[in-house]
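Undergrad: Protein sequences appear in the order of chains A and B. Numbered according to our numbering, the first sequence terminates at residue 283, and the numbering increases by one at each position without gaps. Numbered according to our numbering, the second sequence terminates at residue 222, and the numbering increases by one at each position without gaps.
There could be a bad hint or two in this list.
Computed cross-link-like contacts, DSBU-like style, restricted to lysine-lysine with a CA-CA straight-line distance of at most 30 Å [as the list claims (entries may be wrong)]: (1) Lys-150/A / Lys-231/A; (2) Lys-69/B / Lys-220/A; (3) Lys-107/A / Lys-220/A; (4) Lys-107/A / Lys-108/B; (5) Lys-231/A / Lys-137/A; (6) Lys-107/A / Lys-277/A; (7) Lys-107/A / Lys-98/B; (8) Lys-108/B / Lys-124/A; (9) Lys-104/B / Lys-107/A; (10) Lys-125/A / Lys-98/B.
Cβ-to-Cβ under 10 Å is the rule here; a few derived chain B residues that face chain A [what the hints assert, rightly or not]: (11) Gly-12; (12) Gly-15; (13) Arg-55; (14) Arg-58; (15) Pro-112; (16) Asp-114; (17) Thr-125; (18) Arg-153; (19) Gly-170.
Read the hints as simulated data drawn from the structure, not as lab findings. As the structure is a prediction and not an experimental result, all values here were calculated from the model. Backbone N, C-alpha and C define an ideal beta-carbon position, used for all residues, glycine too.
Chain by chain, the residues run as shown.
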Amino acid sequence: MSGHDHDDHHHHDHDHSELSETELRVRALESILTEKGYVDPTSLDLLIELYEKKIGPRNGIRVVAKAWADPDYRDRLLKDATAAIAELDYSGRQGEHMVVVENTPEQHNMVVCTLCSCYPHPVLGLPPVWYKSAPYRSRAVADPRGVLKDFGVALPDTTKIRVWDSTAEIRYLVLPMRPAGTEGWSEERLAELVTRDSMIGTGLPKQPGEAA
Amino acid sequence: MDGAHDMGGVEGFGPVVPEPNEPVFHAEWERRAFALTVAMARPGGWNIDMSRFARENRPPADYLGKTYYELWLAGLETLMIERGLVTREEIEAGKMLAPAKPGVKPVQPQDVTPAIRRGGPTERTPPAPAQFNAGDIVRMKDIHPVTHTRLPHYVRGRLGTIEINHGCHVFPDVNSLGKGEDPHWLYTVRFDGLELWGNDGDPTLSVSVDAWEPYLERA
Chain A
72 MSGHDHDDHH HHDHDHSELS ETELRVRALE SILTEKGYVD PTSLDLLIEL
122 YEKKIGPRNG IRVVAKAWAD PDYRDRLLKD ATAAIAELDY SGRQGEHMVV
172 VENTPEQHNM VVCTLCSCYP HPVLGLPPVW YKSAPYRSRA VADPRGVLKD
222 FGVALPDTTK IRVWDSTAEI RYLVLPMRPA GTEGWSEERL AELVTRDSMI
272 GTGLPKQPGE AA
Chain B
4 MDGAHDMGGV EGFGPVVPEP NEPVFHAEWE RRAFALTVAM ARPGGWNIDM
54 SRFARENRPP ADYLGKTYYE LWLAGLETLM IERGLVTREE IEAGKMLAPA
104 KPGVKPVQPQ DVTPAIRRGG PTERTPPAPA QFNAGDIVRM KDIHPVTHTR
154 LPHYVRGRLG TIEINHGCHV FPDVNSLGKG EDPHWLYTVR FDGLELWGND
204 GDPTLSVSVD AWEPYLERA
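Please model the complete structure; the sequences and the hints are all you need to start from.
TA: Structure representation (structure tokens):
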């Protein structure tokens, strides 16, 4: 797939008239489907609102922070992630069957979908453009250290890297390592260190000094 | 199908370019294309495997030349035309020219949140006992169906180890054809990086895919 319309490269390939052609095509399609009675525009608005306001990485951040703060929850999360995530009231589409994989000093986990864009929506929301892009999908399984470098992350040479290609309906969430120097921190404070990319495995959590 | 969507290990796409503070959608039409696709699945009567095939089943240049939501839009148009919900002429004209297909009911606003929260679980009652156990060594079959499959090319013919048994799940290769769910046991199969990429590969790497039993043979 080519770059996104916010991507400079894409702007060179497609001028604005072509972009507006797509806009018009989608608008016309929605009118046809509404006129035929196949869709209710209010339902479309609600769907968009759900994915822009309710379903996003803040959900996964809560899961990770709770796992860091509560060892029993961590154990439940690693044993049956779908049930443990449902305890926090997150469930459903593209997260029906969850597995949480834990980073350790010995092993770093990274998640990809080489075939399309599978991603755990209830905990991370819709995937970012880079996750769906050809560079990530092609290289994550062959050269994950190179991909990490694109994100400015360097792991020790001895750390094993485990890449999970989401080829079925199992969805993976990475449990990053709790940063040192956070002993006694509350769940809320720990949550400030968790980033979306650290839950995909293309990033690391913030260090105590970095939190906003 | 062996299409451009099956990207694992393909070279030449360049670096990954993360976008700081990326919005969920980048244009209003993306919002609408996303919502239309999600909202049409149930009234349209197709499943997720049919949707995936409708997006990937196109010439490589077309697949690679479209942005993500352009692919969704193209897939949606295909699925609707195939089922006689709209005609190609209507899409090109941008207006309704033919009557609606009878009996197609839209998703009601009050059903949106419950439907998303329910999702579409794919685990089913096992029709037969599992053939493999954790720790078993398996070889991935070297298959090249022209229809939909979720067995990526880069693991075909390779030796891996069964790591997790996920239970019995709807089998996309059959479900995408509208021939029933045909559930099969699903496993996480782990491969050494060197098995996949040869001795030039990263020795610290291992990769797993989730694979249904019909993709596997005992090594």
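Undergrad: Next, verify each hint and record whether it holds.
TA: Hint check:
| no. | hint | in the structure |
| --- | --- | --- |
| 1 | Lys-150/A / Lys-231/A | holds (22 Å) |
| 2 | Lys-69/B / Lys-220/A | holds (27 Å) |
| 3 | Lys-107/A / Lys-220/A | violated (50 Å) |
| 4 | Lys-107/A / Lys-108/B | holds (10 Å) |
| 5 | Lys-231/A / Lys-137/A | holds (26 Å) |
| 6 | Lys-107/A / Lys-277/A | violated (50 Å) |
| 7 | Lys-107/A / Lys-98/B | holds (10 Å) |
| 8 | Lys-108/B / Lys-124/A | holds (27 Å) |
| 9 | Lys-104/B / Lys-107/A | holds (8 Å) |
| 10 | Lys-125/A / Lys-98/B | violated (34 Å) |
| 11 | Gly-12 | holds (4 Å) |
| 12 | Gly-15 | holds (8 Å) |
| 13 | Arg-55 | holds (6 Å) |
| 14 | Arg-58 | holds (7 Å) |
| 15 | Pro-112 | holds (5 Å) |
| 16 | Asp-114 | holds (8 Å) |
| 17 | Thr-125 | holds (4 Å) |
| 18 | Arg-153 | holds (5 Å) |
| 19 | Gly-170 | holds (8 Å) |
Hint violations for this structure: numbers 3, 6 and 10, all remaining hints satisfied.
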